[in-house]
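Chemist: Chain by chain, the residues run as shown.
Number of protein chains: 2
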Amino acid sequence: MPEFQRPRGTRDFGPAEMAKRRYVEAKMRETARLFGFGEVMTPTFESTELFVARSGEGIIEELYAFEDKGNRKISLRPELTASVMRFYVNEMQNLPKPVKIFYFGNCFRYERPQAGRYREFFQLGAELIGAPSIESDAEVIALALATLKNLGLEDVVVRIGHLGVLNKFIDEFGVKKDTQIEIRRMIDKQDFESLNTLPDGATANKDVNDRLIKLIRLKGGAETIQKARELMDGGDPSLDYLADLLDRLNAYGFDNCQVDFGVARGLDYYTGMVFEIDAPSLGAEKQICGGGAYTLADLFGGQEVNSTGYAFGFDRIMLALEKSGVDVPSQNLEIYILPICDEAKIAAIKILSELRNAGISADMDLMSRNMSKAMKYANSVGAGKVIIIGEKELAEKSVTVRDMKTGEQARVLISELNDYL
Amino acid sequence: MPEFQRPRGTRDFGPAEMAKRRYVEAKMRETARLFGFGEVMTPTFESTELFVARSGEGIIEELYAFEDKGNRKISLRPELTASVMRFYVNEMQNLPKPVKIFYFGNCFRYERPQAGRYREFFQLGAELIGAPSIESDAEVIALALATLKNLGLEDVVVRIGHLGVLNKFIDEFGVKKDTQIEIRRMIDKQDFESLNTLPDGATANKDVNDRLIKLIRLKGGAETIQKARELMDGGDPSLDYLADLLDRLNAYGFDNCQVDFGVARGLDYYTGMVFEIDAPSLGAEKQICGGGAYTLADLFGGQEVNSTGYAFGFDRIMLALEKSGVDVPSQNLEIYILPICDEAKIAAIKILSELRNAGISADMDLMSRNMSKAMKYANSVGAGKVIIIGEKELAEKSVTVRDMKTGEQARVLISELNDYL
Numbered sequence: 000m001p002e003f004q005r006p007r008g009t010r011d012f013g014p015a016e017m018a019k020r021r022y023v024e025a026k027m028r029e030t031a032r033l034f035g036f037g038e039v040m041t042p043t044f045e046s047t048e049l050f051v052a053r054s055g056e057g058i059i060e061e062l063y064a065f066e067d068k069g070n071r072k073i074s075l076r077p078e079l080t081a082s083v084m085r086f087y088v089n090e091m092q093n094l095p096k097p098v099k100i101f102y103f104g105n106c107f108r109y110e111r112p113q114a115g116r117y118r119e120f121f122q123l124g125a126e127l128i129g130a131p132s133i134e135s136d137a138e139v140i141a142l143a144l145a146t147l148k149n150l151g152l153e154d155v156v157v158r159i160g161h162l163g164v165l166n167k168f169i170d171e172f173g174v175k176k177d178t179q180i181e182i183r184r185m186i187d188k189q190d191f192e193s194l195n196t197l198p199d200g201a202t203a204n205k206d207v208n209d210r211l212i213k214l215i216r217l218k219g220g221a222e223t224i225q226k227a228r229e230l231m232d233g234g235d236p237s238l239d240y241l242a243d244l245l246d247r248l249n250a251y252g253f254d255n256c257q258v259d260f261g262v263a264r265g266l267d268y269y270t271g272m273v274f275e276i277d278a279p280s281l282g283a284e285k286q287i288c289g290g291g292a293y294t295l296a297d298l299f300g301g302q303e304v305n306s307t308g309y310a311f312g313f314d315r316i317m318l319a320l321e322k323s324g325v326d327v328p329s330q331n332l333e334i335y336i337l338p339i340c341d342e343a344k345i346a347a348i349k350i351l352s353e354l355r356n357a358g359i360s361a362d363m364d365l366m367s368r369n370m371s372k373a374m375k376y377a378n379s380v381g382a383g384k385v386i387i388i389g390e391k392e393l394a395e396k397s398v399t400v401r402d403m404k405t406g407e408q409a410r411v412l413i414s415e416l417n418d419y420l
Numbered sequence: 000m001p002e003f004q005r006p007r008g009t010r011d012f013g014p015a016e017m018a019k020r021r022y023v024e025a026k027m028r029e030t031a032r033l034f035g036f037g038e039v040m041t042p043t044f045e046s047t048e049l050f051v052a053r054s055g056e057g058i059i060e061e062l063y064a065f066e067d068k069g070n071r072k073i074s075l076r077p078e079l080t081a082s083v084m085r086f087y088v089n090e091m092q093n094l095p096k097p098v099k100i101f102y103f104g105n106c107f108r109y110e111r112p113q114a115g116r117y118r119e120f121f122q123l124g125a126e127l128i129g130a131p132s133i134e135s136d137a138e139v140i141a142l143a144l145a146t147l148k149n150l151g152l153e154d155v156v157v158r159i160g161h162l163g164v165l166n167k168f169i170d171e172f173g174v175k176k177d178t179q180i181e182i183r184r185m186i187d188k189q190d191f192e193s194l195n196t197l198p199d200g201a202t203a204n205k206d207v208n209d210r211l212i213k214l215i216r217l218k219g220g221a222e223t224i225q226k227a228r229e230l231m232d233g234g235d236p237s238l239d240y241l242a243d244l245l246d247r248l249n250a251y252g253f254d255n256c257q258v259d260f261g262v263a264r265g266l267d268y269y270t271g272m273v274f275e276i277d278a279p280s281l282g283a284e285k286q287i288c289g290g291g292a293y294t295l296a297d298l299f300g301g302q303e304v305n306s307t308g309y310a311f312g313f314d315r316i317m318l319a320l321e322k323s324g325v326d327v328p329s330q331n332l333e334i335y336i337l338p339i340c341d342e343a344k345i346a347a348i349k350i351l352s353e354l355r356n357a358g359i360s361a362d363m364d365l366m367s368r369n370m371s372k373a374m375k376y377a378n379s380v381g382a383g384k385v386i387i388i389g390e391k392e393l394a395e396k397s398v399t400v401r402d403m404k405t406g407e408q409a410r411v412l413i414s415e416l417n418d419y420l
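Chains A and B supply the protein sequences, listed in that same order. Numbered per numbering that gives the first Met the number 0, the first sequence spans residues 0 to 420. Numbered per numbering that gives the first Met the number 0, the second sequence spans residues 0 to 420.
Rather than coming from a laboratory, the hints here were simulated on the basis of the structure. Warning: the hint list may mix true and false statements.
Treat identical chains as interchangeable: a pair holds within one or across any two.
Stated by the list, open to error - Using 35 Å as the maximum straight-line C-alpha spacing, the simulated DSBU-like pairs for lysine-lysine come out as follows:
| no. | residue 1 | residue 2 |
| --- | --- | --- |
| 1 | K148 | K72 |
| 2 | K404 | K188 |
| 3 | K26 | K372 |
| 4 | K375 | K226 |
| 5 | K72 | K349 |
| 6 | K404 | K205 |
| 7 | K349 | K19 |
| 8 | K26 | K96 |
| 9 | K372 | K72 |
| 10 | K384 | K396 |
Build out the structure end to end from the sequences listed, making use of the hints.
Modeler: Quick look at the structure:
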């Protein structure tokens, strides 16, 4: 028989990698719980229409889209916000506000596989629905930053922008809606060249354009807001909003948030604050989180409602933790039991079960290995201690305990084993 | 806009349900870790061929099978053993034996949705690969039972059979292979009527048939093995094997395992021991686990190797826990903070962050609610205590703490709050 290969662009995860991933997942879940966010889970596939409603027809090219046996058009989810907001509209609109939810799940996109980009990948995100903007925005950014802090990933940069600022400039161009979208895309790509030669006759207003380019290059702490005021003839409510947001984040304990007016988040549905988090250790593909304020419920047939949310790229976070040298606790086996005669096997099983019942991870030799091979195996799985049971030990109701680090051995009565360990 | 509905036969899980599911998942994962099993994860879809190789062409009808944009035939996985063994053959064959792995994931089948059966459902299972049968079988059944015990689900029945016993009878019929498969299916369905009127002229041997029917009705403790010996002219190696297995499970601390010669597990690839676990509280759909000894690696292009594995139906376990009244710990919010004037908001955020940093789940009013509405909200989310901060409190650097169960209130200095809580 030929071997079967896993599908292109997908991954298998072995035990060492999975232990790390589950640890990180649990830490993120625990942080969300501390913040009063509740987890939700939605189906892996949805009607293709849902994703088109959120992201436009263009998304179909990137979807794993297919027809089921009932000729329904369904797609594997390319991201989770659409599914979660669909769930919100279906079942959570009448809950007391705010609704604070988070999710962790796999997503799919059909694209050429390349380094760090997979056809099945993992997202973790949160949505805060139904509270005033400023409170939501602060709480949601704080959750994202606390999550990274609790993971020990402190070498990150959060960049916060506001579409209100960009939109004001774009309004001043007086261009058509199509061109506005085009301009937004240029800003998002920091494509200053194209911005200088706008289509639709908009190049006429060179002053606006120059100021816009200066603005989207502005990055830094609270003092950046003052510089923006100068470019905007004295100010704009969005700038006051950002100043207030930074104050609140300060109170949350995050005093190093940056303002970056170049954050435009490509998507058309954000309505105000937008933010991105980078892990500089990742180099060119450094963005690990993106989010902002949006309304989406109304697009899905629900009542319009303020929402703020974000999504972490879980795979990038795993990579950033590795690059930053952040350790996750070892899941190595604590005890390996070696019965060295047939008579010892049942006794070994009993000890094995008692250790496990006491919350100690333990395994025993199932291969009837001799001493030296068993020690080699115990080493290869990183066992902390080996318990040896032979005829002598059996006769004395004892075992030999060998510390695999120090090499020290001790004879211990079975009745005193738990205390000894 | 019309509302979007989730696909037929799938589910959305809200926060209360998800908290329970994640708790159960974590308990199961922890038990596997104590047993020295390592978690693996494989892609959500695989080549359709893989599932056909495991289960035959018939499986295609039940698959979410489709072609991707590269015209590759892929399917959402209907179960996880095929994927995990594919991974084993690809990357784990050269690891020291035994390889002990477990998995948790979602699976998909296209079938008419009905009570308790979903198109997307969840399985948790384990495989022990490369150790002698008796050691593997005992360790794997022990893991399944320890998992349920650690969940507090003790009202279960494990029924263990052996295909060696059934095959010996079927051999005695002297029928063709097709008929053998047919007979196996009748046994699995406990269809005694059809067994009496076998196709292929096999009815000739009425004595064998009568004894077979008696045998597959045999159920009970170790004494059942003795009764089986009488039906089998003195015995069979498979019976000795089962006696040994029960002794070992006894040493593991599981002294109530039953023998049930009627367990045939429908599938054609099991090679020896087969077992099922029932949760009687579930009524007709009571089976929560199925497994046995098999070889599958060779079918996927690898070396032939002894394996024993099982899969839990995770959704059925959730149902059984509920029916049995097993509680999972509450994830209710511990503290809800209510700033009752604008000036208190920043102070509230600081206290909020300190509590969360100390590992206390805390939330604050983001809606500028008045006292009575805020208390109603705090009640609705099950908050343990409410912290109130108004002008008086601010002036005294204190807060008012209200216990939501007793209704008692106390004024506490902010500097002493952590200790007080």
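Chemist: Could you run down the list of hints and mark each one as holding or not?
Modeler: Going through the hints against the structure:
1. Taking identical chains as interchangeable, the C-alpha atoms of K148 and K72 are never at most 35 Å apart, the minima being 41 Å within one chain and 43 Å between chains.
2. Taking CA atoms no more than 35 Å apart as the test, K404 paired with K188 passes in neither setting, with 54 Å inside one copy and 54 Å between copies.
3. In this homomeric assembly, K26 and K372 come within 35 Å of each other (Cα to Cα) only across copies, at 33 Å, whereas the closest approach inside a single copy is 38 Å.
4. Taking identical chains as interchangeable, the C-alpha atoms of K375 and K226 are never at most 35 Å apart, the minima being 65 Å within one chain and 45 Å between chains.
5. For the identical chains of this complex, K72 and K349 are neighbours neither inside a copy (55 Å) nor across copies (49 Å), given an alpha-carbon limit of 35 Å.
6. When the C-alpha separation of K404 and K205 is checked against a cutoff of 35 Å, the pair qualifies neither within a copy, at 71 Å, nor between copies, at 65 Å.
7. Proximity of K349 and K19 under a CA criterion of 35 Å is satisfied in both settings, with 31 Å inside one chain copy and 32 Å between copies.
8. Proximity of K26 to K96 under the C-alpha cut-off of 35 Å is found in both arrangements, the shortest distances being 26 Å within a copy and 32 Å between copies.
9. With identical chains, the CA atoms of K372 and K72 are never at most 35 Å apart, being 56 Å at best within one copy and 44 Å at best between copies.
10. Taking identical chains as interchangeable, the C-alpha atoms of K384 and K396 lie at most 35 Å apart only when both belong to the same chain, with a minimum of 19 Å there against 53 Å between chains.
Of the numbered hints stated above, those contradicted by the structure are hints 1, 2, 4, 5, 6, 9, listed in ascending order.
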